[in-house]
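J.: Here is how the chains run, residue by residue.
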Amino acid sequence: MSRKRGSKLDEKGNTMIQALFSSIKKKIPLLLLVGIVIGLIISYASYEAITRTATPDFCVVCHEMAPMRASYDQDIHGGAGKTGIRVNCVECHLPHNNLFNYVFTKAKNGVSEVGLHFFGTVGTIDWQKNREKRAEFVYDEGCIKCHTNYAMNEKLKPKALEMHKHYNALLNTDKQIGCASCHAEIGHKGLNNMLNFYKPEHKLYEQGSAREKQKIDEKLYGK
Amino acid sequence: MKRIFAFIGVFFLSLVFLWANDKVANSDANNSEVAQVINETPELKNKYPIKPHHQQLSLNCIHCHKGQGDNPEQLEAIGDEGCLSCHGSKKKIAARTGYMDLFHTNPHNSYHDGPTLSCDECHKEHQPSQNRCVECHEKEVPNWMKKVTL
Numbered sequence: 036m037s038r039k040r041g042s043k044l045d046e047k048g049n050t051m052i053q054a055l056f057s058s059i060k061k062k063i064p065l066l067l068l069v070g071i072v073i074g075l076i077i078s079y080a081s082y083e084a085i086t087r088t089a090t091p092d093f094c095v096v097c098h099e100m101a102p103m104r105a106s107y108d109q110d111i112h113g114g115a116g117k118t119g120i121r122v123n124c125v126e127c128h129l130p131h132n133n134l135f136n137y138v139f140t141k142a143k144n145g146v147s148e149v150g151l152h153f154f155g156t157v158g159t160i161d162w163q164k165n166r167e168k169r170a171e172f173v174y175d176e177g178c179i180k181c182h183t184n185y186a187m188n189e190k191l192k193p194k195a196l197e198m199h200k201h202y203n204a205l206l207n208t209d210k211q212i213g214c215a216s217c218h219a220e221i222g223h224k225g226l227n228n229m230l231n232f233y234k235p236e237h238k239l240y241e242q243g244s245a246r247e248k249q250k251i252d253e254k255l256y257g258k
Numbered sequence: 140m141k142r143i144f145a146f147i148g149v150f151f152l153s154l155v156f157l158w159a160n161d162k163v164a165n166s167d168a169n170n171s172e173v174a175q176v177i178n179e180t181p182e183l184k185n186k187y188p189i190k191p192h193h194q195q196l197s198l199n200c201i202h203c204h205k206g207q208g209d210n211p212e213q214l215e216a217i218g219d220e221g222c223l224s225c226h227g228s229k230k231k232i233a234a235r236t237g238y239m240d241l242f243h244t245n246p247h248n249s250y251h252d253g254p255t256l257s258c259d260e261c262h263k264e265h266q267p268s269q270n271r272c273v274e275c276h277e278k279e280v281p282n283w284m285k286k287v288t289l
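Heads up: the protein sequence lines correspond to chains A and B, in order.
Count along the first sequence from 1, then add 35; that gives the number in this note's numbering.
Count along the second sequence from 1, then add 139; that gives the number in this note's numbering.
Keep in mind that the hints were calculated from the coordinates and are not lab data.
Every value quoted in this text rests on a predicted model; they were computed, and no experiment measured them.
It cannot be assumed that every hint is accurate.
As the list claims (entries may be wrong) - Computed spacing ranges between beta-carbons, pair by pair:
#1 Y187(B) with E176(A): 33 to 41 Å
#2 S78(A) with P267(B): 53 to 61 Å
#3 K194(A) with K263(B): 15 to 23 Å
#4 K263(B) with Q242(A): 28 to 36 Å
#5 S197(B) with V96(A): 35 to 43 Å
#6 V157(A) with G148(B): 53 to 61 Å
#7 H192(B) with F93(A): 31 to 39 Å
#8 K263(B) with K164(A): 24 to 32 Å
#9 H192(B) with G116(A): 26 to 34 Å
#10 V96(A) with V149(B): 38 to 46 Å
#11 K263(B) with L196(A): 26 to 34 Å
By construction, the Cβ of each residue, glycine as well, lies at the ideal position given by its N, Cα and C atoms.
Sequences are here, hints too, so could you generate the full structure?
T.: Here's what the structure looks like:
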């Protein structure tokens, strides 16, 4: 008895689902099209949001890094080259392997940086120590996006070519290194000097450094 | 209706192509060549230790002593030219520690010698390095710069 009733109910349910399906079926192409359009709109909006917040001028609003900005400005990657072309911070300092990783890292950095900016523990940061971990916050995908043939460019010096092949051989091993492991001041020409002007490592240079710092600040922020 | 289907089909097909292209581009990025061979035993590494920043890069004997044969006991010092094949030029190195020019105490661009000293006056790869400025300026040097560890 109960089984019969159950099967009756099942049948009723089945026909309902079938009806639902057939009504949806006719609209599938339309739904897909609407979905794609909505998807494209969202992609465009996020593209705009991501690119408009990717310029050095945006980054320095919160990121505490006058020495980094000043050294970037005198590097070929920061517009000091003959052509004046600049590479944005995010090209090297955010991962480009996939969009989610990019957005996630950006958001994570942003939150911690806003905290640092407004609750001021900036003075305690040991920049020179952080530089030792530079291969972790310089993402090689960014470099390779432009320097595509780094491992086979015959116009490179032989030693450079040899070392770039060495880099390739270490890829995906536990000894993997980054571009910045060797190219220590890349993108920030004179970073060691700038950091010392802002926070002298030796007392002897304090006066001279203060003068240099003032000059740099004037250049960066105006008078 | 057919057109819409075709449009959607092309859209997804192009996505598949993009994905496949990415896979191919990533797959052939890995190759390196093998040359001159020196068996780097732990004993050998103990006898000829290298500096930590070179260790970190997994450099081996041959990276510096290229073309000097397979016998580790017969390898020769590589001189400034060897160091500079990676480190660029003496001027470039002097610029790296340029903040010390404020007091004319930049060891790579010194008051006495400018950017002309030989690297191994101070920096030794397989022995502890030593600061040559100390020979005359024993008391001042600790105020001028860090200890030479590299």
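J.: If a hint holds in the structure, say so; if it doesn't, say that too.
T.: Now for the hints, and whether the structure bears them out:
1. Hint check: Y187(B) to E176(A), Cβ distance near 36 Å, so the stated range 33 to 41 Å holds.
2. In this structure the hint that S78(A) and P267(B) lie 53 to 61 Å apart at CB holds, the actual value being about 58 Å.
3. Remark: the range hint 15 to 23 Å for K194(A) to K263(B) is upheld by a beta-carbon distance near 21 Å.
4. Between K263(B) and Q242(A) the beta carbon distance is about 34 Å. The supplied range of 28 to 36 Å therefore holds.
5. A beta carbon spacing of about 40 Å between S197(B) and V96(A) agrees with the range 35 to 43 Å that was offered as a hint.
6. For V157(A) and G148(B), the Cβ-Cβ distance of about 54 Å falls inside the hinted range of 53 to 61 Å, so the restraint holds.
7. Between H192(B) and F93(A) the CB atoms are about 34 Å apart, so this pair conforms to the stated range of 31 to 39 Å.
8. Look at K263(B) against K164(A): about 25 Å separates their beta carbons, and that is inside 24 to 32 Å.
9. Range check, H192(B) to G116(A): Cβ separation about 28 Å, and the 26 to 34 Å hint holds.
10. In this structure the hint that V96(A) and V149(B) lie 38 to 46 Å apart at CB holds, the actual value being about 43 Å.
11. At roughly 28 Å, the beta carbons of K263(B) and L196(A) sit within the given window of 26 to 34 Å.
In this structure, every one of the numbered hints holds.
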